[in-house]
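Each chain, letter by letter, is given below.
There are 2 protein chains.
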Amino acid sequence: MAYRETSRVRERKQATRTNILTNALALLNEVGFGGLQMATLAQRCSVATGTLYRYFPSKEDLCTAVFEHATEIEIAQVQQHLEAPETSADGLPAADRIADALTTFAKRALRAPVTAWALIAEPVEPAVVAARLRYRERYAGLFAQAIQQGIRDKTLPPQDSALSSRALVGAIAEALIGPLAHKSEFDPNQAITNSVRFCLQAITASSYTDSDTKG
Amino acid sequence: MAYRETSRVRERKQATRTNILTNALALLNEVGFGGLQMATLAQRCSVATGTLYRYFPSKEDLCTAVFEHATEIEIAQVQQHLEAPETSADGLPAADRIADALTTFAKRALRAPVTAWALIAEPVEPAVVAARLRYRERYAGLFAQAIQQGIRDKTLPPQDSALSSRALVGAIAEALIGPLAHKSEFDPNQAITNSVRFCLQAITASSYTDSDTKG
Numbered sequence: 001m002a003y004r005e006t007s008r009v010r011e012r013k014q015a016t017r018t019n020i021l022t023n024a025l026a027l028l029n030e031v032g033f034g035g036l037q038m039a040t041l042a043q044r045c046s047v048a049t050g051t052l053y054r055y056f057p058s059k060e061d062l063c064t065a066v067f068e069h070a071t072e073i074e075i076a077q078v079q080q081h082l083e084a085p086e087t088s089a090d091g092l093p094a095a096d097r098i099a100d101a102l103t104t105f106a107k108r109a110l111r112a113p114v115t116a117w118a119l120i121a122e123p124v125e126p127a128v129v130a131a132r133l134r135y136r137e138r139y140a141g142l143f144a145q146a147i148q149q150g151i152r153d154k155t156l157p158p159q160d161s162a163l164s165s166r167a168l169v170g171a172i173a174e175a176l177i178g179p180l181a182h183k184s185e186f187d188p189n190q191a192i193t194n195s196v197r198f199c200l201q202a203i204t205a206s207s208y209t210d211s212d213t214k215g
Numbered sequence: 001m002a003y004r005e006t007s008r009v010r011e012r013k014q015a016t017r018t019n020i021l022t023n024a025l026a027l028l029n030e031v032g033f034g035g036l037q038m039a040t041l042a043q044r045c046s047v048a049t050g051t052l053y054r055y056f057p058s059k060e061d062l063c064t065a066v067f068e069h070a071t072e073i074e075i076a077q078v079q080q081h082l083e084a085p086e087t088s089a090d091g092l093p094a095a096d097r098i099a100d101a102l103t104t105f106a107k108r109a110l111r112a113p114v115t116a117w118a119l120i121a122e123p124v125e126p127a128v129v130a131a132r133l134r135y136r137e138r139y140a141g142l143f144a145q146a147i148q149q150g151i152r153d154k155t156l157p158p159q160d161s162a163l164s165s166r167a168l169v170g171a172i173a174e175a176l177i178g179p180l181a182h183k184s185e186f187d188p189n190q191a192i193t194n195s196v197r198f199c200l201q202a203i204t205a206s207s208y209t210d211s212d213t214k215g
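From first to last, the protein sequence lines are chains C and G.
So for the first sequence, full-length UniProt numbering puts the first residue at 1; every next one is plus one.
So for the second sequence, full-length UniProt numbering puts the first residue at 1; every next one is plus one.
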């Protein structure tokens, strides 16, 4: 009779996987992707290194899974602030929800700078760069929805939401690279305020007109 | 007597290196980093594959050098538009120079989309990601200078130029990822206009105020 995985086996595997990712995320917050060692992680998880490799065949696989795990947590935070309350008619205007979401993103990043650097900027293997691209699409999709709502209810000026939302994601991520990489040169609260202001001005301001941009 | 490299040997080596990088850049524009093959490149350069490896010991080394070579060309274009003419008192205001520089960057990207994707977004080896970080600092430094000039001559509102300049670089690069990755969904000229407008509004608009960003 062929081996069939029982639901109990599946649950146990899932629990081990979750344990590994939780410990990996804690380790990431200390040493970044560059310092993540399979042997150290195995020790933290109280599993054999061989077990770790059964779940994640390579360090690149592990890093990708850790990236996705960590970013899902950040995405959920952003999404919570962006989503319009469906039960109430007097929700915050789209611009304010976007400001809240960006502020939350920036605050969380500067509170966990090693993890934020790892997720946003650290030189990583191609599979993790590919995951960064996918998740930036996810972020942009969420911001695009909020921008569209703002345009519909006329609290935001007309704009290409697909383009503005990507630019927002790029702007907030890159703005934080300064404070993350050169901590001493930036006051964290000022950095958060200024990054969010940059983004909000970009999507709320009346049109900048310059004939050169039409060329 | 120990071998000493004569200036003629050095010149010949430099010429070979330049020949390799020029051909690599042409190849990059066809296939991106993912499609760059040492054997194909050697053939294009009319050198043995072994020779190629003497100049670039690994594909990662080659890709990093190609990235730097290509980005130096783009940086020079941006710099040319950003620099204030020193011989004339009636130069363009900083905001217009920044708009010109961003427009040039975006136009050149959409005109060479495979190269632009490779430079901006393609999943690449860690050494190339590290080069991306370094060059984004270079771009940001150039924009920061222009923003500071704008603040000094009061054509731009006061702002943290180190932060705004990074956000600009992030915004323009990420905005172009949409048109580069999903070409059919974007009109290139509209994408250029809208990306530049986003950036200009961010640095020129009067302050967006929202108590939540101060929290």
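Just so you know, the hints here were simulated from the structure itself, not pulled from any lab data.
Glycine included, C-beta positions come from ideal geometry on N, C-alpha and C.
Among the clues, some could well be false.
[Stated by the list, open to error] Far from chain C by the CB rule (all over 12 Å, computed), these chain G residues:
{"hint": "1", "residue": "GLN43"}
{"hint": "2", "residue": "TYR55"}
{"hint": "3", "residue": "ALA65"}
{"hint": "4", "residue": "GLN77"}
{"hint": "5", "residue": "PRO113"}
{"hint": "6", "residue": "ARG132"}
{"hint": "7", "residue": "ASP187"}
[Unchecked claim] Below 30 Å or equal to it, Euclidean Cα-Cα: the simulated DSS-like pairs (lysine-lysine) are:
{"hint": "8", "chain 1": "G", "residue 1": "LYS107", "chain 2": "G", "residue 2": "LYS13"}
{"hint": "9", "chain 1": "G", "residue 1": "LYS154", "chain 2": "C", "residue 2": "LYS183"}
{"hint": "10", "chain 1": "G", "residue 1": "LYS59", "chain 2": "G", "residue 2": "LYS13"}
{"hint": "11", "chain 1": "C", "residue 1": "LYS59", "chain 2": "G", "residue 2": "LYS59"}
We went through each hint and held it up to the structure:
no.	hint	verdict
1	GLN43	25 Å, holds
2	TYR55	23 Å, holds
3	ALA65	16 Å, holds
4	GLN77	14 Å, holds
5	PRO113	16 Å, holds
6	ARG132	8 Å, violated
7	ASP187	9 Å, violated
8	G:LYS107 <-> G:LYS13	34 Å, violated
9	G:LYS154 <-> C:LYS183	28 Å, holds
10	G:LYS59 <-> G:LYS13	19 Å, holds
11	C:LYS59 <-> G:LYS59	20 Å, holds
Hints 6, 7 and 8, counting from the list given before, are not met by this structure.
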